[in-house]
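Undergrad: Turn these sequences into a full structure, and let the hints steer you where they fit.
Protein chains in written order, with our numbering: chain Z, 330 to 852; chain Y, 389 to 872; chain H, 13 to 158; chain A, 23 to 260.
Because the hints were derived from the structure by calculation, they are not lab data. Treat the hints with care, as some may be off.
Pairs of lysine to aspartate or glutamate, EDC-like flavour, derived with a Cα cap of 20 Å [as the list claims (entries may be wrong)]:
| hint | chain 1 | residue 1 | chain 2 | residue 2 |
| --- | --- | --- | --- | --- |
| 1 | Z | Lys816 | A | Glu182 |
| 2 | Z | Lys816 | A | Glu75 |
| 3 | Y | Lys673 | Y | Glu436 |
| 4 | Z | Lys624 | H | Glu15 |
| 5 | H | Lys98 | Z | Asp758 |
| 6 | Y | Lys472 | A | Asp234 |
| 7 | Z | Lys816 | A | Asp105 |
| 8 | Z | Lys624 | A | Asp105 |
| 9 | Z | Lys370 | Z | Glu356 |
| 10 | Y | Lys472 | Y | Glu766 |
| 11 | Y | Lys624 | Y | Glu704 |
| 12 | Z | Lys370 | Z | Asp454 |
| 13 | Y | Lys792 | A | Asp153 |
| 14 | H | Lys98 | Z | Asp754 |
| 15 | A | Lys219 | A | Asp157 |
| 16 | Z | Lys816 | Z | Asp804 |
| 17 | Z | Lys370 | Z | Asp387 |
| 18 | Z | Lys816 | A | Glu196 |
| 19 | Y | Lys792 | A | Asp157 |
| 20 | Z | Lys331 | Z | Glu414 |
| 21 | H | Lys98 | Z | Asp761 |
| 22 | Z | Lys331 | Z | Asp404 |
| 23 | Y | Lys624 | Y | Asp656 |
| 24 | A | Lys219 | A | Asp181 |
| 25 | Z | Lys624 | A | Asp157 |
| 26 | Z | Lys624 | H | Glu36 |
| 27 | Z | Lys624 | A | Glu182 |
| 28 | Y | Lys597 | Y | Glu704 |
| 29 | H | Lys98 | Z | Asp841 |
Just a few of them, taken from the derived set where beta-carbon distance is under 8 Å, the chain A residues facing chain Z [stated by the list, open to error]:
| hint | residue |
| --- | --- |
| 30 | Ala67 |
| 31 | Cys69 |
| 32 | Arg70 |
| 33 | Leu82 |
| 34 | Ile87 |
| 35 | Leu110 |
| 36 | Leu114 |
| 37 | Val138 |
We treat Cβ as the ideally placed atom computed from N, Cα and C, and that holds for glycine.
Chain by chain, the residues:
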Amino acid sequence: MKACLRVCTAASCRSRGGASLQHSLSEAVARAGLEHGLRVKGVGCLGPCSDGPLLAMDADPKAQTQLYGSIPVADGAQLVASLMEAAAQHTLAHWCPAGGLRIDLNHPFFQLQRRLVLEHCGQIDPTSIEEALAAGAYRQLERVLQNNNPAAVIEQVRRSGLRGRGGAGYPTGLKWAAVAQMPGTEKVVVCNADEGDPGAFMDRTVLEGDPHTVLEGMAIAAHTVGASRGLIYVRAEYPLAIARLRTAIAAAQGHGWLGTAIAGSRCNFDVELRVGAGAYVCGEETALMQSIEGKRGMPRPRPPYPAERGVFGLPTLINNVETFANLPALLRLGLETYGRGTKVFSLTGHVRRSGVIEVPMGTSLRTVVETMGGGTPAGRSIKAVQTGGPSGGCVPAHQLDTPVDYESLQSLGTIMGSGGMVVMDDTTDMVDIARFFMAFSREESCGKCVPCRAGTVQLDNLLEQILDRRATPEDLEQLESLCRMVKDTSLCGLGQGAPRPVLSTLRHFRDDYLALVPVETRR
Amino acid sequence: MHPESTPRRITIDPVTRIEGHAKITIQLDGSGAVATARFHVTEYRGFERFCEGRPFTEMAAITARICGICPVSHLLAAAKTGDKILGVAIPPAAEHLRRLMNLAQLTQSHALSFFHLSSPDFLLGWNSDPTQRNLFGLIAANPDLARAGIRLRQFGQGVIEALGGRKIHAAWAVPGGVRSPLSPALRDQIRAGLPEAFTIAERGLSLFKQLLDTQLQEELEVFGNFPSLFLGLVGKDGSWEHYGGRRSGGIRVMASDGSLVADGLQEDDVEQFLAEAVEPWSYLKFPYIQALGPQAGSYRVGPLARLNLCDCIGSERADQELQELRQRGGRVVTASFLYHLARLIEILACLEQMEQLLDDPLITATHVRARAGVNCHEAMGVSEAPRGTLFHHYWVDANGLIAKVNLIIATGQNNSAMNRTITQIARHYLADGNLSEAMLNRVEAGIRCFDPCLSCSTHAAGQMPLLVQLIGPDGTLLEERRRG
Amino acid sequence: MAESYPELEPVLQRHEHRADGLIEVLNRAQELYRHLTPPLLRHIARQLHLPFSRVQGTASFYHLFRFSPPARHRCLVCTGTACHVKGAASLLAALQREPLNTWGIELGSVRCIGTCSGAPLVVVDQQVWNQQSCASVLSGLRELRP
Amino acid sequence: MNLYSLRIDDHDVAIAADSTVLQAAQEASIAIPTLCFLEGLSAVAACRMCLVEVSGNDTLLPACITPVQEGMQVHTATPRLQDIRRTLIELLFTEGNHVCGICVANGHCELQNLAVEVGMDHSRLPYRFPDRHVDLSHPLFGMDHNRCVLCTRCVRVCDEVEGAHVWDVGWRGEHCRIIAGLEEPWGAVEACTHCGKCVEVCPTGALFHRGDTTDEKHSDPARLQALMQARQQQRWNP
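TA: So this is what it looks like as structure tokens:
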């Protein structure tokens, strides 16, 4: 058993020099002829991005894995030298990069996670299908193909209670059943990888760290609903994810896990990658389908639902990255062990340890933010936690014991969303946050329906007026009623969700608004 | 509200209570006498700016909104400018109809000016309570006359409505002609109203001439009586003209001694002939005859100018009144107070010419619009508004979108004359260096001789919103009175 | 005179000159020619058998397509949520006051690139600079090759 | 033919199962305000004027595309809907530069009529006075973007009926505007057949005949339906 040094090369650590670190370390190992004793590999996200660049050392199967952060990339030569010395002397288990930070893997940040979707993320080299296969990739697909009982798969998905992880939370089993019921053999499976919520990077993490799990999930879905064509729509802002996906698709085709007669079965499934061009609204499924067809990403009214008439007019199953990535784990574990499943969150903002975590569904916000994330930096207290991005809302500090699940968050006026979680400390002006999201929605509105196109502009202007202390109590009323109107009348989720950050902050932080209304205008 | 005897400074923010329309300052010299008086137009409307980028075909509708009292004048000037951009001669019937509308416009506007706005001054007296010295006071004091004025105005407006479909802002005159012909039925309906209109016009004339002969002698001398140039359109034969078109004899400019400074000037040459001075204290420009300079080149326009300029009117009853006017004030009348009389004579002239037009079978012809594309990229159009000559000057791009607009309006052309008039009145009536009610009333009435647009377009009859400031030789504000 | 764009042929063929390849073709065209010019858009429309207005309408819908040549360098301030709560708005405002265009640098913003732990961050010529201040960005930009 | 019966306001309606709520309401002579919808063109449900309430459904549904269902109870004019429609009209008025007094479509404008219908005598939201332009490059027609409400009827009629696809929507969100060709002057777009259908279906004064002045534009969208009927069925009703 040789030691393995895993260097995080996902986007966040890459921006801190992770990739060059991997490059110089593996070069040095090769130069010193130590490949037999030590393998250096680039892996996907290791978790606590705020401590990047990160590397993990698996020195010996018996010794505990060590995780190091804040690696001083600038002192590359010194780092390489000390590693070479440790490798030569077989003391890798005790090696600690000088200047680096040893991260306690017994910390709740790691211990309270349950990694189903992210199981292989950070463990395997995402550019190597062999590693993925060794870790168990495509085994569930193989089983599904062997059993050839799509109805049973749908039933299992339905009973698991798995809901769409992209934001709307639609029951996945129902969606699959609807597409499976459609007549004909030409159907499409689409993976929505247009993760656009600011502050959300779960899907990027999965795609960069373990693309095969997503492809496997898609192939399972394709077989189950009877589709032979797959499309992944990924945002252009994720160049690394795009590169990893291209590599993975080609490798899976090469190994017979995609393409014709998969694993000797009669199942054919080709996957094509489509890259977006910078339009948040394309995360909305009908807009995404328009974009795939090479059109303006404008949502269209439903019905018809994608299951009836989707991409190119064909019955279409559309799920997001994390949803597909849940399937191999669900099928492997079975309903009982899978339980309520997990949710991946990207934890950012005013929090000590930010990064990507996967926790059991129903974990409380307090556990995530305070216990796992370490709360706010010293001297500050949490004011709110924002979930759900521009369509979500803010949970006030006193309600942090709320469990993260679809229903609980909705009852507080926010949504689970795709999993972005932004912690805000007591210096945060909630009106400013509301305006930030409204400006976002204004900029990203596709312009098709009137309430969203013109309403978000008026709302943004009203919020600006409030922030400039030029508003009256009547303007606040106007703000609230226009918010309800835009929410009730917009065509798609972007417009319907756009007022939520305002309504949620008006509900929980009305004092922040009142403080900005000049006294003389108040009644 | 009587002024204190000792000069003091009164500071009231002028913007909020006079709606920024007009302000008068009276500047004293070292000896306490009036040095100058100035009429400031303090509101900027920027019409010319927001016409830019619009199709020239919309100019009639846009510029008609400059004024609610004389929209027809802008409508006609815009339509005539539009004709020239199209490069067409409009159908003769269309010209008849446009003339008819302008005559109706002159009638109703003059009726408003004389019966509603000005007659309370003469009939109720300079010292009367300003809250009573208006149309409502007139109705109380002389209900018959007030009603007659209202009827005459209704007649004029009725004609405009019959032609354009509505009383105000009817964008009926369009580049190339007019939008719809006149039906024989409507022609007859208009004609039926003429006899009453004649009666009222003649009654007004005899009343005003009687007042002139008895109690308004001083006003003749003091209300802006000075030599100046006069400018306006004349007909081909030198007759009174209000529209131009096929009968145009061009623009004539006459001095007080009857000599012609210019004659037969075409509107295309006006831009070279005139210049516009700008003063920092007013948004109203000061047009003048370029060759003569801002002082000697300043001139008066409007009813009195038109009557001074023409050789005759061309209709029997009006020509008779013109002769009487010239007997009263000379061949070229210089007393601005006689603008009022000129208005009444013009009403008579309008009614007579309307009668002639309605008798011409061409008036109901149905070919009333010429169609064409954009053939000229710059054009100047002219019409005689109730207040005087109105010029529209447009520059358009290849597609007919307005690139630039210049409007030379009547009130602007009378600007110098109005300033001279109020200076004359202030000098005559300023007693003890104080602003007396009677003097304020006369200053206001002096402005009203010229029936400036801003006095009538936005405010209740008889109550011109006015701020009058008395300013000492060192520039300090001695006293301030406001109205409206 | 029709201009030719031979480098575009592979992507056109990959999509069999079908309309649904439009965005992929536009992405590739921009990669090749740095920005989308009218002749280029006309060429693409003809190759995909699409009306000109369809191509223009689609290209103008997406933020990443540009119709004028890019500057030598691009500095994008991330204005995602995490960066916003850490002061991205004032960072952007401060940079807007600098004469960056005279240094051949185009200033813009980007909505969250998903590496929020480095907030506030900027992306300069596709390199992510973490935890930036106005001073640090400026000093970094000064070192770019002109 | 399969019939569904439903209740719209106080009326019971029986209608073919493949109908929309809007068609059912028309059948019952109940007027639901519409703007982007035009019979004969695909429905886009963008203006949201025709939103109705359906008992048992929390979300408002656009009548123009919502299929009828057996036993459906539809409410077309609740106070909530009336307030929404007024706000929508206000949003449209504040978004463009709609000066009725000088507009070619004054008196014959669907937007103006809707404003009257919903009782919008002023806007509670501030006007935005966008800087838009007028395109008079076409020899026969003009396009005033100030008056465009982005209903996209012109885009659809040109694409779906005339087949020329001169128009499309360019840009996005508040910057959306109707474009011709590669966002060229209309007169420079060779694809245009000068058929004038876009002018005919435009609900406002945005598209007009060149030389039309104030109040002069009289659109007649019904002519489109007659034309399409004649084409499809070879039946003329002159």
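Undergrad: Please go over all the hints and tell whether each is borne out by the structure.
TA: Verification of the hints:
| no. | hint | result |
| --- | --- | --- |
| 1 | Z:Lys816 x A:Glu182 | violated, 32 Å |
| 2 | Z:Lys816 x A:Glu75 | holds, 15 Å |
| 3 | Y:Lys673 x Y:Glu436 | holds, 13 Å |
| 4 | Z:Lys624 x H:Glu15 | violated, 25 Å |
| 5 | H:Lys98 x Z:Asp758 | holds, 12 Å |
| 6 | Y:Lys472 x A:Asp234 | holds, 17 Å |
| 7 | Z:Lys816 x A:Asp105 | holds, 14 Å |
| 8 | Z:Lys624 x A:Asp105 | violated, 34 Å |
| 9 | Z:Lys370 x Z:Glu356 | holds, 11 Å |
| 10 | Y:Lys472 x Y:Glu766 | holds, 8 Å |
| 11 | Y:Lys624 x Y:Glu704 | holds, 18 Å |
| 12 | Z:Lys370 x Z:Asp454 | holds, 6 Å |
| 13 | Y:Lys792 x A:Asp153 | holds, 17 Å |
| 14 | H:Lys98 x Z:Asp754 | holds, 11 Å |
| 15 | A:Lys219 x A:Asp157 | holds, 17 Å |
| 16 | Z:Lys816 x Z:Asp804 | holds, 18 Å |
| 17 | Z:Lys370 x Z:Asp387 | holds, 11 Å |
| 18 | Z:Lys816 x A:Glu196 | holds, 18 Å |
| 19 | Y:Lys792 x A:Asp157 | holds, 17 Å |
| 20 | Z:Lys331 x Z:Glu414 | holds, 16 Å |
| 21 | H:Lys98 x Z:Asp761 | holds, 12 Å |
| 22 | Z:Lys331 x Z:Asp404 | violated, 26 Å |
| 23 | Y:Lys624 x Y:Asp656 | holds, 17 Å |
| 24 | A:Lys219 x A:Asp181 | holds, 11 Å |
| 25 | Z:Lys624 x A:Asp157 | violated, 26 Å |
| 26 | Z:Lys624 x H:Glu36 | holds, 11 Å |
| 27 | Z:Lys624 x A:Glu182 | holds, 16 Å |
| 28 | Y:Lys597 x Y:Glu704 | holds, 19 Å |
| 29 | H:Lys98 x Z:Asp841 | holds, 19 Å |
| 30 | Ala67 | holds, 4 Å |
| 31 | Cys69 | holds, 6 Å |
| 32 | Arg70 | holds, 5 Å |
| 33 | Leu82 | holds, 6 Å |
| 34 | Ile87 | holds, 5 Å |
| 35 | Leu110 | holds, 5 Å |
| 36 | Leu114 | holds, 6 Å |
| 37 | Val138 | violated, 18 Å |
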